[in-house]
Amino acid sequence: MIPAAFDYKRAGSAEEAIALIGQYGDEAKFLAGGHSLIPLMKLRLAQPTVLVDIGRVKDLSYVKDAGNHIAIGALTRHMDVEKSPVLLQHVPLLAHAAGHVGDAQVRHRGTIGGSIAHADPASDLPATTLALGATYVVQGPKGKRSIAAKDFFKGFLESALAADEMLVEIQVPKMNGAKWSFQKFNRRAQDWAIVGVAAWRNNGTSGVGLVNMGSTPILAAAVSSALSGGASIADAAALAADDAEPQGDLNASVEYRTHLAKVLVRRALEEASK
Amino acid sequence: MSITQERTNSVIGQRMLRREDPALLTGEAKFTNDLAIPGALHLAVLRSPYAHARIKSIDVADARTMPGVVAIYTGKDLHSTWAAPMPCAWPVTPDMKNPAHFPLALDKVCYVGDGVAAVLATSETASRDALDAIDVIYEPLQAVTDLEVALSDKTIIHEAIGTNKSYTWNLKVEGTEGAVDAAFKSAAYTVSERYVQQRLLPMAMEPRAVAAVPQPFGGDITLYSATQVPHILKVMTAITLGIPEHQVRVVAPSVGGGFGSKLDVYAEELLCVALARKHGAPVRWVEERSENTQATIHGRGQIQFVELAADKNGKLTAVRVRLIGDMGAYLQLVTPGVPLLGAFLYAGVYDLPLAYDFSCTSVFTTMTPTDAYRGAGRPEATYAIEVAMDALARKMKVDPYELRKRNYIKKEQFPYTAFSGLTYDSGDHLAAAEKAMSHADYTNLRKKQATQNVAGARKRLGIGMTSYFEMCGLAPSRVLASLNYGAGGWESATVRVLPTSKVQVVTGTSPHGQGHETSWAMIAAEKLGIPPEDVDVLHSDTAIAPLGLDTYGSRSLAVGGVAIAGACDKVIDKARLIAAHQLECAAEDLEFAQGTFTVKGSPDKAVPIAAIAFAAFTAHNLPDGVEPNLEAQYTHDPKNFSWPFGTHICIVEVDTETGKVDVLKYIAVDDCGNQINPLIVEGQVHGGVVQGLAQALYEEAVYDEDGNLKTSNLAEYLVPAACDVPPITTDFTVTPSPTNQLGVKGIGEAGTIGSASTVMNAVIDALTGLGVTTLDMPASPNNVWKAIQAAQGGK
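Chain order of the listed sequences is B and D. Final position of the first sequence in my numbering is 274; the numbers increase by one with none missing. Final position of the second sequence in my numbering is 1069; the numbers increase by one with none missing.
Just to be clear, a hint being listed does not mean it is correct.
Here are the simulated SDA-like cross-link-like pairs (lysine to any residue), alpha carbons at most 25 angstroms apart as the crow flies [to be verified]:
hint : chain 1 : residue 1 : chain 2 : residue 2
1    : B       : Lys42     : D       : Asn982
2    : D       : Lys984    : B       : Asp249
3    : D       : Lys1060   : B       : Ala122
4    : D       : Lys733    : B       : Arg188
5    : D       : Lys1060   : B       : Leu250
6    : D       : Lys733    : B       : Arg267
7    : D       : Lys1060   : B       : Lys83
8    : B       : Lys42     : D       : Val410
9    : D       : Lys586    : D       : Gln687
10   : B       : Lys83     : D       : Cys997
11   : D       : Lys1060   : B       : Arg188
12   : B       : Lys262    : D       : Lys1060
13   : D       : Lys939    : B       : Ala4
14   : D       : Lys1060   : B       : Lys42
15   : D       : Lys1060   : D       : Phe579
16   : B       : Lys42     : D       : Lys586
17   : D       : Lys1060   : B       : Asp103
18   : D       : Lys984    : B       : Ser36
19   : B       : Lys179    : D       : Glu931
20   : B       : Lys262    : D       : Met340
21   : D       : Lys939    : B       : Asp191
22   : B       : Lys274    : D       : Lys552
23   : B       : Lys29     : D       : Asn982
24   : D       : Lys984    : B       : Arg267
25   : D       : Lys984    : B       : Glu255
26   : D       : Lys939    : B       : Asp103
27   : B       : Lys262    : D       : Ala731
Calculated Cβ distances over 12 angstroms to all of chain D for the following chain B residues [unchecked claim]:
hint : residue
28   : Leu88
29   : Ser146
30   : Lys174
31   : Phe185
32   : Asp242
33   : Glu255
Hints in this document: simulated from the structure, not taken from any laboratory. We put the CB at the ideal spot given by N, CA and C, even for glycine.
Extracted from the complex, chain B is given alone in its bound form (with noise of 0.2 angstroms):
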């Protein structure tokens, strides 16, 4: 439970974090919260020789109100998402995913743009953004560039972002009354989860994130795309894998995960429908 030697560099804006990560190269990782990078540096699963620590870059922890949508800072902790008037009146759906992360310590420090930017398919907020069809802006040597949440997840804890580059802001389309389901299916309330659901429906319009249900999250669009034709509650549902490439683990089989998207996501749109 002792990680490898590395260099530690404290930056204080964004401009200063993305210059050291340029002149640390490769090797060099950002610290926000830790609380997805520490655990794996204490197995020695990842050895970065510098962290670059963002932690105290004060100007990007912020809810903010931009008209269509909700502007959040990256270094919002999951606990300030969870609480925000702002997300509650306009994205409940997001505030209520951030208030399942992990045990109360782990929403005190983690980060919503640490856990984005980590690309956990297993997480909570990157398959619940996703759903909300959030824009993600992140910031490089040569300024600001804005990917849409369906474009950011290439691959297993790989994303759209350059080496140099640092998520700085969620933008999440405000929710105008659609309703809802968070549906987190574990074995102990402060795990992972086995298979979780983020859905909304809204006038016809849907949108539905799996967890935990492929290497990255996914979207279910086949589930959309079959509710906007008229199809059933129970009809869509029966998709919900569709999109998916789920893994077998010690908690649940290929078959049993995908048994479990489909009750899963049947029972969120029951909820989003009442």
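With the hints as your guide, set chain D onto chain B.
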């Protein structure tokens, strides 16, 4: 005087807060790894990544040159250091096979985690870094992780013994020859079941830690260890290292839980002592959590074949049990004895005629060694009989409680001599069961279940019960002798009244979370008639408490607590002589109550024990033949095991779509005889119940076919947290044990012994209507779903 009957000014029975807690809760308590030891070298152990392999070569040249590295040793380097192999204290049969086991492997590794090399460095980090630089070439061999495959001897793990079978131990009791076979032949009902007791990781909150400190100018060494057994460790350290025993002192500082996993003598303890002596410097080691999952013993690990025969009323007529025990790669301290601790309990709490046939064959596998884990053999036995009783009830189509009532040993039959020859001291199973049933509102609950569990119900209700006996208070030494155990079962206590009348109690028990300091002070306070605040309890240091057999097997109160009461009696007897001398009366004319000797019939003629303590200290005026000082040592060797019992009920709801089990309610009615501190008793029940429930629903040490432990961290190995645990209703009946003066029995393991079968019976009960009749632990959502699918014809 029986203090259990005359409760004037009673301390015993009060819900006193634990005196240990302020230090533990504020972080002030000092655990082994908290001890400041200047100049200590740090030990790290290189562990085998293979389950079964020959060591072809070990190259330490690069590692030796790394910064901070002081020395590196292989098994061969240290071989001449050991005077004896690592100890197994329980050779259960004369022909038991016990392969030599040394702290570091010699030419072969037999499980993932087996020690291969030891690094000594000036910092913990340097010691860990050097492990990566040691180059070992292995020749991998076939892993053996399946008990039935192990039995086939297809791949032999220890060539020197030529078989994977360690021993077969039998207990066959028949009133007339052939009674068991005859009973099965003439039975109206039989059940034949196969259960798997999955391996569990004990997972104490504090992993193991060791520090060995050589004392200057002499041969002696002080060994600090996160152990349950400082006294046993002292003897074994002396034997395995060939150090004169009087030059070894063992101290167990604050110890953060054990559950049996610290009832052992481990390689790292012996390595620290050996290397501290070699280098003339302190050597310390602390276990990482992932290391703990491989290098500390595992629990359970049995396949059980259980058969019951019953007459037309469901009265049991015979029990037949075949076990395969998973010893793991080597025999640790009491590994082979664990199945024997359950061997007498496969008839549970039932009145069985002389028709019992038990046989256990234990095998080596290429996995971490197993050993005693909370309950040790008794939860396994209770699980088998209680889950099988439910199977019998289903077959007979009778209510499982009704079936049990027809079989309970009745209150008036106690003390009851069982088929095994053991005597059950006292009990009232029906009373405990009735109390539990009343908490559950059983009759109405069954009605609710019938309404809820209709075809197609998404959530099905299940009700499970267990009535258990715990054989504890280990143990009468002569019984241990008959089981071939290598030590006795007594416990020692010294009670010392200081000149100012404050009291020191010295105990040979070694608490690691049980609250002995609180409970033992209460016992002495009650006996001596003084406030518990005036009693200090000294323990867990062989220099302070030289005599003892430590803490395990729910023994500490029933053996160690009773020893304290006995030592108090001796102190009172001596004080009585001095009091009689002072009051100029005959000793027989004095009565002792509430800390004061009074002449019978003359209440004004009295002297408090405080005054006698000072008189004994000054020794100015003692009666002839009475030695100065007020102190007595007493060793208690119990006449019998103690037999706590009770009934647990669990109510679950199973989601038939997802297979998820929700525990709605858990009821534990236990009888541990008289209770010293009910607050501590309830805490033990809570913790115990959760550990059994964890086996039923969450925990399993999973190995792949190559012998890699897949559950080697706390994200994969699912220990339930507080929010995953249901509300637990605790209640009690009180049936004092007649075999000790406190009337106590023990409560440390009862919760675990009763709970796994209770939860599993509830889950199976919920699914009975779907055709599910058997289910392996843990009842994870995936496993439950699979069982439903299979019962429904795989659709």
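Checked against the structure, which of the hints given earlier come out wrong?
Violated: hints 7, 13, 14, 16, 17, 20, 22, 23, 24, 31, 33.
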